[in-house]
Every structure is written in C-alpha cells, then in structure tokens.
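The listed protein sequences correspond, in order, to chains A and B. Going by our numbering, the first sequence opens with residue 3, and the numbers climb by one from there. Going by our numbering, the second sequence opens with residue 276, and the numbers climb by one from there.
Keep in mind that the hints were calculated from the coordinates and are not lab data. Among the hints, erroneous ones may be present.
[To be verified] For the chain A half of the interface with chain B, some residues (derived, Cβ under 7 angstroms), not all of them:
# : residue
1 : Ile66
2 : Thr67
3 : Lys70
4 : Arg73
5 : Gly76
No residue lacks a Cβ here, since even glycine has one placed at the ideal position from N, Cα and C.
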Amino acid sequence: MIEFNNETLANGVGVIRPVGRLNMVSAPRLGANIDALISDGTVRLVVDLAGTSFIDSSGLGALITGLKKTRQAGGDLRLANPTAQITAVLEMTKLNKVLQPVSSVDGAYS
Amino acid sequence: MVGLTSAQSALSRSIGLSPAPDPIGRLPEPMRIQGDSRAMTTRQLIIRLIVLATAILGLNYIVWRWMVSINWEAWWIAVPLALAETYSLLDSLLFGVTMWRYRQRDTPPVPPPGLTVDVFITTYNEPLDLVMGTARAAKDITYPHRTWILDDGNRPELRAIAEAEGIGWITRSEDWADRPRHAKAGNLNNALLATDGEFMLILDADQVPDPRILDHTLGYFNDRRMALVQTPQVFVNVPPHDPLGSQAPLFYGPIQQGKDGWNAAFFCGSNAILRREALMQLGVMRYVSETELALNKALRTADKVVARARRQLGPGQERLARALSTVAEDLRQVRHELSEGQAIADVTYRFQERVDAVARNLVAEDVAALHAELNSIEGLSRTIDVDGSLAVVDDVALDRLSQRDWSPLGAVETVRVLIDSVNAEKAGEAQAVMPLAIISVTEDMATCMRLHSLGWESAYHHEKLADGLAPEDLDSMLTQRLRWAQGTMQVMFRENPLLQKGLSLAQRLVYLATMWSYLTGFAAVVYLAAPVIYLVLGILPVQSLNNDFFVRLIPFLVVNQILFLVVGRGVKTWRGQQYSLALFPTWIKSVTSAFGNVFLGRDLDFRVTPKTLQARNRLPWHLVRPQLVAMAVLVLAALVGVIRLLLGQGDVLGSSVNFVWIAFDLLILSVVVEAVRYPGFDAWLAAANAGTKNSSTRRKTKDSNRKKAVRP
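Here chain A stands alone, though its shape is the one from the complex:
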C-alpha cells in the first residue's frame, strides 16, 4: 500500500512524499493529494520520490495530470529523488524531457 507524508515548506512549496508503490491502485490517491494542495492554494509542488519503490504507467499518468493542474493554477510540479526504477521508466517514456527530476527537494525551486 501507499502512504503520503506531505509538508509545506517555509517558501510556500508543497512537498508530496508517496511512500510505497505508485501504481494503478494508488495513483488516484496521488491525484487526490495534489487536488487538495491546489485547492488550499499551494500550487508549487515537489513530488519527493525517495520513498517510492515502484511506478507504473498509471502512476506516470497521475504525475502528468498533476503537472497539468498545477500549471493551470499558475504553479508547477517537479520531481525529486527518483529511485532507479522510476528513472528507468522516465527515460524509457522520454518523460524526463518534460519532468526533469532533481536530486533534492530543496533544489526543486531554487
């Protein structure tokens, strides 16, 4: 199963930490978390993937949907700390051209 340990940084950036597998079952919950932050007015988001062991195509879909919604709200969504499998999936689908991950949460908006 998956858990979300979210926080909002001092500079107003929202951090979403999915811990577990980001797949067809859990992807809708990532979407719900993103929606909740946007409706609270937090539109600059970082998805910290350090604790995410696995992602499938549905998980990718949820990330892109999140990107679209933050952009529409005037913000952005960025990725940090991808694990090996996530990096491989991003490269394979060439999504890394759109969502270039950074190696730390702090570096996402600096």
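Given chain A, put chain B in place with the hints provided.
Leaving out everything else, chain B in the frame of chain A:
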C-alpha cells in the same frame, strides 16, 4: 507378550539378522534351486500352512485378549499392552503375507551383447582410496560399460585421479546452485541427465563389485517390463558374531524373495541395476502430475485472489475492475480448455498471453491519456511538437511497461504471484524431471514403489556380487539406522502404499509390512514397562494368568517361531530380534522426526552415514543411555519383585512369569553393551588373532578383503 517374538519379522535392511557363516559373506543355503519357480514347491506349501496356522492362532489369541482378558481397572497399562500385542500380531501377519509367494528365481539368461550400461559410484565425503578402490573394481566389470564417479563432494583431486585412469567423473551441474540438493537422489538425477546408457548399475562408494555383476543380472532385462534388479548387500568388515547387526541375511534372502513373489522386490539404493527408460518415464510422469496438481492449486487460489481484489476495489478504479474481470474470465477459459483435455503447456501459455494483453491495453490507455494531458498543457505542446520525441512512445517502451514486473496489473500483487505460479516451470528445482524420488532421505524405496505403481517389474537376484563395508562403530551404525527408518517413515507419511493407485493389494501390504515394522519402538516401550509395573505395583494388565491365557498364547508363539525357522532356513534371527527391540529410542525418534518433517515442516537433522571408523577416546555409553536406564529399571523391578515375594505380597505364578519376561528383556537389551564395546573390525581381528590359534585363516580372509578393496 506376543511382540518379543514376532516383531523380529521384517525390519528390512536396518536390522541385521545374525551374521553370515563367514566374514566373506557367502550367502547361506542354496542360491537358487532349479525348476519352474512359479510352480508351488513343497517348501512353499509348508510355509503357507504355517502362515495360515500363525494367522488363525494369532487372531484367536488377540480377539480373546480384547474381548475377555483386559483388566479394565488398570486400563492405562492394559490397553497399551493389548495395542502393542495387536501391533505385533499385524507385524506377524504382514510377514506372513510377504512369505506367501516366496519365490526363488531361476538363473537368468545370458544377456545379449551390445547393451549400453553406465556404472555409477555415488560418493560424498568418503576417502579417495576407498572410492577409487570401488571405481577400479567397477572398471574391471567384464560386461562392456562406462564407469562414473558421482562426486557430490566436487573434489578436484578425485577428478584428477579418476580421469587419469579413464574413469568418468560427474559432479552437480550449475543448475543445482542455491537449489535443494536432495542428497543421493539429487546426485543420481544429475548423473542421469549427463549420461545415456540404457541401464545403470548403482554402487555406494563402499560396495566393491564382482566383475560378473552385470553378466549375472542384465539377462533379467530381456523382459521388457523389468525395471530393476536388486542384489544383496553383504559386508566384509563384520565379525561372525556381528555385534552391530550389520548383516541382513533374512532380508537379503527370504524377505526379498517373498516380496519378489508379489512383484515387489525392493530397491535398496546400492548393488542394483535399473532400466533408464523406466526411471525417465517415472520422472516425466511425476513432472506431469505434479504440474497438474500445482496448476489446479494455482487456479483455486486464483479465484480467491481475484475475488478478494475485486472486493477491495475503491471508487474511481473502474479500469482495474475491468482488468480483473478480464483476468477472471481468462481463468474460466483456462479451466474450460483443461477440461477439454488440451495440453497444460499450451493452455498456460495462452493464459499468460491473454494476461499480457490485458496489461498491454492498460499501459496503452495510460500512455494515450498521458499524451493527451501533455498536449493540453499550455507551453509544453510546442516543445513537444518541435522535438517530436514524445509524440510516440515506441513499442519497446510499451512492451517493457507491460511486462510482468512493471505492469499496472502488478497493482494487485497477488495476481502477479499467481501468474508466476500458473507458469509450468519448476523454478525452485534444479531439474524439471527428477526420476529418483526426492520425497524421502531414502530415495530407493519411494522410487521403487512408484515404478511398481506404473506397472514395472523388479527382481531380487540372490547372489552376492559386491563386497560392502558396514559402519564399524555404534555412532555411525545408529546414524545409518535412524536415516533408513526416517526415510521409510517419510515415504509412509507422504506416499502411503495403501493409497497408491496402480499397486496391487499384495504390493501395498508388502510395502506396508516394511514400514509397519519400523513402528516397533512404541510397542517395545510397553513390553519393557509391563513387567516393571507388575512387579513394583502388583498391577496385572490381564484379568488373570490362568490356563485360558497360556493355552491361547503359547501355541501362537510356538508356530510363529517355527515360521521363522522354516523361512530362515539356517539363518539365525537372534541379532535381529535383539536390535528390533533394543533400538527402540532410534525407532521412536525416526517416527517423531519424520512426522515433524512431513507435517510440520521441521528439519530431519540428517547426517550422512560415516563410512570410516570414527575416532573415539572412550566408550560411547551415552549413545545408549535410554537402554541402560531401561536395564537398570528392569533389574530394580526384579529386586522389588523378589522382596515383595519374600514379604508374602506377591503372587508366585505372576511374579515368575514376569521374572522370565524381565530376563528376556535384559538378554535382548544386552546387545547394546556388546555394541558399545565393539572396537571396530581391525581391532577386533587383532584381538581375535592374539587370542586364538587359527588366526592364520582369518588373517588371510582379512588380507584378501583389503586387497580387494584397493585392487589396482
């Protein structure tokens, strides 16, 4: 009270029944008699009459015991004793069944030339010169063959010596790394795939073959249904009084010949010739039936898993729900195709293809949606269009994302495990096909029973064609007996002969006879306890020791003894009687540990039998502590009995019967004292030579044995 005499019957190989007449181990009595072995001989008629008499008198006794004689006030000893006696009577009856078709085979025809034979010498950790001695003798076998050392110890130095002498060397292939090794069965299965002879002779590293062993046995295989020929195991390093009960002349003789009459001659692991085709057929058929079983189990689990996954679906997961219902539909399809008799491999392959298609559709949907999103994000679409790279996710990426480990179906973890389990590959084992049974530490009995249930035949060839070495110290001997007993119990629990399809009723009973005899430990405890309880507490488990009792018991005991005399024909059974009772702790441990292994998944705590004399500093009394305690208790009970008599408390007749009983128990148990003190064959021989004048003949005997063992 029955037990002491009848439990001696068939403790198979494990209980040596008195020594052969001389240490070279020539078998007692005529090897074979001429004439049609299927016609009933006078001897066979006599045996059958005695078996009938034993059965009638035994049933008469035991029915009376249960109906009339039990002292219910002392049920806690009376019932166990009656049960023990019933056990012993059944043992006796099963022995009777075994002997009913007692069969002495005629000399087999001379084998045709041109058969291909592999000689396998199995070794794990035996000394190199011992292994090479056997290998050289094997190489000298006259019928053309190839000789192989099956080295489970993977010793480069053994390989070098063997190959220098033109002897093949085989060790486990890489497939066995990190997989269950299955001891000797695994070693042989590995070699079966590395060789191609039509027949194979299996030899333990300490069984030095006679050059004629193949010439004298391959002729049996002219019968196309013959799968196995077993020859006796006789040991050359055993003194005539056989202190460790190593020789088993009653087993490698009348018992095997009796089993042979029912087409149930046993495979005993060494000194046996097998037909490869039979073993391979066994392996393949086991593979198919085990795959079927696994598949049926997987399908049952599958329905549960899918049902549970569907119940756990939350809102917004309609896609997953659709995917799961497709999988459920596919599972129904699998069942349907199997019920139509389609091949398992085809059915499972198509199932996996359909599941893969489901996964691929999901991924394709995800990727399409993902692109639609990307294109609708302002500011992004232009870069993408310019670049063009995201416009199409290629097939390679799509395939990879649909593969089992990355697929969205993996969202239901159990579905993924399930798909693996439906896969008809045995990833957990080194070889998909295991011709020699791996369900037991004694692969021989299990393999043989499976061969018989497939309709193959076996033969027992009653001629010594190998010189073996028996364990020379108590520790090794006990380890070996425990292993045999444990292996037999594993087979009894895992593949009970009474439940095996394809076996005749008689074959089932004959297999049961050997297994049954290993349960003797529990009866032995009762037989030891009963006289103690009587003499100390004055409690008699029977109503009274009157005429009714003796008139029923004595004739049965006498006829039972006559049966053994007639069947054994000169073979002394005393050593066997002693060990069948005296090793009661070993027998009990074998039952409990095998039970724990088969039903509770516990370790057997299995050790390979040491083939060389174990070094020791002092006598290993600790190995027989239970027996020594039992002897002390028996002696004390006798003393108490005497005192009670002197005080006028005891009954004279009852006490006398129990004194005799205790004396008999002590005589039986005394074998362990002899066993503990036995110094090994060489030391015994030296002592015997120092003490007697006729040492020259024995010396010659010993030298010739040794020469044979290291023959160039």
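Please flag the earlier hints that this structure goes against, numbers listed from lowest up.
-> Hint 5 contradicted; others consistent.
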